[in-house]
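If you read the sequences in order, they're chains H and Z. Residue numbers 0 to 794, in numbering that gives the first Met the number 0, belong to the letters of the first sequence in order. Residue numbers 0 to 179, in numbering that gives the first Met the number 0, belong to the letters of the second sequence in order.
Worth double-checking, as some hints may not be accurate.
[Unchecked claim] To spell it out: a stretch of chain Z is covered by chain H in this simulated footprint if at least three of its residues, at any positions, have a beta carbon under 8 Å from a beta carbon of chain H; those stretches are:
| id | stretch |
| --- | --- |
| 1 | 9 to 23 |
| 2 | 46 to 52 |
| 3 | 55 to 67 |
| 4 | 89 to 96 |
| 5 | 116 to 127 |
| 6 | 140 to 153 |
| 7 | 160 to 167 |
Don't read these hints as lab results, they were simulated from the structure. Note that CB positions come from ideal geometry on N, CA and C, so glycine has one too.
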Amino acid sequence: MSTRLFGARIKRNIDPQLLRGEGSFIDDIPLAQALHVAFVRSPFARARINSIDISAAVAHPGVAAVYTCDNVGPLDIEMPLLIPHSSMHDARTQRPLARDDVYYVGQTVAMVVAVDRYTAEDAAALVDVDYDPRDVEIDLEKAILDDAPLVHDTHERNVAAHFVQVCGYPDSAIAQAEHVTKIRVQVDRSTAAPMECRAVAAQFDEVTGELTVWDGTQAPISVRGGLASIFKLDEDKVRVIAPNVGGGFGQKVLLFYPDELLVPMAAMQLGRPVKYIEDRRENFVGSSQERTQIHFMELYAKKTGEVIALRDSFLHDTGAFIPYGIAVAQVASTSIAGPYRIPNIWVEFKAIYTPTVPVTPYRGCGRPQACFAIERAMDQLADELGLDRFEIRRRNLIADHEFPYDREGLIFADGLKVSLDSGQYHKALAMMEERLDAPSFAAEQAKARAEGKHLGLGLAFYVEGTGLGPYEGGHVRIHPITGKVYVNTGLTSQGQGHDTVFAQIAADQLGVKPEDVILVEGDTKAFDWGVATFASRAAVVSGNAIHKSAMIVKRKALQAAANMLEADVGDVELKDGAAWIKGTDRKVPLSAVATATNPLRYAFNEAAQAATQFAPASRHDGPSLDEGEHPGLEATDYYSPPCATWAYGVHGALIEVDPELCSVTIRKYVCIHDCGNMINPMIVEGQVMGGIAQGLGGAMYERIEFDETGNMLNANFVDFLVPYATEIPDVEIHHLETPSPLNALGVKGVGEAGCIAVGAVVASGVEDALKALGGGTFRHTPITPSMIHAALDAA
Amino acid sequence: MARGKIKPKLPQSSDDPRVSVKLTVNGEEVTREVSVRMLLSDFLRHELGLTGTHVGCEHGICGACTIVMDGKAARSCLTFAVQASGREIRTIESLADPDGTLHPLQQAFQDCHGLQCGYCTPGMIMNILSHLESDAEIDLSDAGVREILAGNLCRCTGYQNIIAAVRRAADHMAPKAGQE
Ligand code: FES
Ligand code: FES
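Bound-form chain H, shown alone:
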């Protein structure tokens, strides 16, 4: 095992189980006699509740209980504001069950618990709610006008937060500008649409007083903290498990959704397991969404194209509530200058309440919007100055020697500075130019046009602040019987292959096979220090914590093995599951080393005999463990990043637009990206490719549509178009690996990377393709056939 596993394309440990259909997603976990939940949801975007009559539902056969805000005891509260920030005043969060008012279509008003979901839904239809509907304004730009109807009477012009950040001296720089380009861009609302909807199950053990909650969350430790504090339970009596989870993409990092509190409450009250398995419609109307932002950006440049200042003012739609604080808008605002030097920045946003599903991070978390704004603005600047799109970028990209490049004055979503830590931006751009054969594209485009085809080149660069704090931990232990390595961390996985990449990290230190490393995460009983899976942070934060712990265990194992082999510790190495005296065939298996470090009274196998008190190798001159010494080969350590580490990349595409069908076909799509050292390139490529597919969905197909009364028009997969294989092109992925100087492994995050640039790539390609037809500009995604039709009509 002397070859390094870090960097290898190791197949995933978790796959066989999932492939055999033996995964344990929440609804797969058998809970005897479980009761099932269905919700009564508001049909109005904004209304006053006059009365709720549950009598018919209660009397319905098979119903165990019906809850409204009047009988949920400690849950008749506004749920926690997760990330407080001074830019918000009196931030509004949702109540598990509505009291007096409803604020969006889909908001939970009552909960029915019954013997099965079929019956629960029947009974939910029998709950009679008398509403008094109010006026609403769904349009973001109209919602901020003086006479707009208010979502919350407490918030004038529906402004939930207002925040300005400044870097450098924008005013004086602007005075020196020779050219200014102004642009308005818009990205519409979308949703994560994980293939497994959200799910929660809970069971209360009356004997031990322990509440177990299975929750498809990205943040089980925080969920446990909240449950313990709201229900006033001892933390040790609450166990939260996120088992296999079918995709999360940010939607599952929000806590609390109403069901995450109400289901445990019902399980405790009714004494039977209770399950809530969200259906697809509920996922659309009841689980967080993201994306709508409207940016007004101004780039102040020299005639050369060098941008010396940027001003951006944007509106961010936060939906009816703002439980996750300003995180999405803050990430957008601090990513706004992208990979460019632009030393002077003024960026402002207003987060606006609209009577719609609340907005919290969805994969990308503000970055796609920021990227769309700056990249479309760069294209426009190039156009105005008569420069090539590659050239304008070359003139502004941060050069290798300028790293770390600080954006003093901007504070990232982790409360720490924005410091782009490393990269080879120019090289990435050059690679893209070559891969797309950009210099000969104009000729190709002209030739295609002569044949009646409309080809365009799309291009966009992105940066991604990843690996946010505060911290994560890693626990590593070598099992004394099997010699297998057990690793724990506080995260959860929704398909990212943590069990494999963390195994690679630990196995490199301990000289075992990656399949002999067993990761247990997402269970507060296994490890309960840490935060959550979000912001492309797992590999960086938990990865480095596990690396540190594994190094400690390695040191202990070498020392113990040296004693057993009567060798000098410097002469011992770990490989193939054993400790060896280097260059000889003398070895002792890791299991035996682990056993020997654990002083025993009772022997249970051969290795254990050597660890008992009368064995020759045991100490007979005092305590078996010295003061401060711990039994076994085990360690726990933590990693807390000094600030985010910035990954980046550039995407490019050759796009064909059919002006008659107004259809867009991607002929070639290239992604050059750099997430620092790669632990497992196969998994990295999978993350990137999946992100690009999601990005293409957002660029061309996926838009949540509300009518003017706030009803969602496409809350299903028939009308909300998640791309199938027939819509996603082949993608060429190329890697650069510039190590992050911020952590020992040199890694950066990659989870969100793929989706960030896609909208800007498609828009710039479509615009380029239709230029000869006078198709105008494309500054609004998703780009639908109707938008292309309208653009061509106006030409």
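Position chain Z with the ligands relative to chain H; hints supplied.
Chain Z with the ligands alone, transformed into the frame defined by chain H:
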């Protein structure tokens, strides 16, 4: 629920009319009394405990619930259990050998990294399997494979690796020359 409290009296079943269904699942004959409106997906998952078949939309679009019924791919979320009476059904649980060795199609998914969260995977595999096992010629061109997959959504992978897995499996499963 405190231990000292009288337990609430809770219902055990709904009022739904029930019907007897008898079908063959993964080669085994099963008979159950179920609600007339129980979906086949719920029947497989919760009556039989075969939870490998997943449910992603319950309206026939995502394909996560795909099973093979009488040799053809079918959506178990759009089928009532009672409609499956007398039919022969195969689910993902029938593919691997009893010792756990993966079926070549499953192995191809692992080899090509054709799954991430694995939620869509059983439905994908059952759909692909119905094509690979059918007598009809299959088109393994890029467009052809994408067409095979066109009834299954995957939110994680971007499909590229699934396409590679289909090709690899087709290759492994094709009768080698001289073996026919
Ligand atoms: S669950 Fe049956 S098609 Fe989606
Ligand atoms: S692997 Fe997650 S949906 Fe396909």
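Do the hints match the structure? See the list:
1. 9 to 23: With 7 residues closer than 8 Å to chain H, the stretch 9 to 23 of chain Z meets the three-residue bar; holds.
2. 46 to 52: Since 5 is at least three, the answer is holds.
3. 55 to 67: Check passed, 7 qualifying residues.
4. 89 to 96: Since 5 is at least three, the answer is holds.
5. 116 to 127: holds (count 7)
6. 140 to 153: holds (count 10)
7. 160 to 167: holds (count 3)
Checked against the numbered hints given earlier, this structure breaks none of them.
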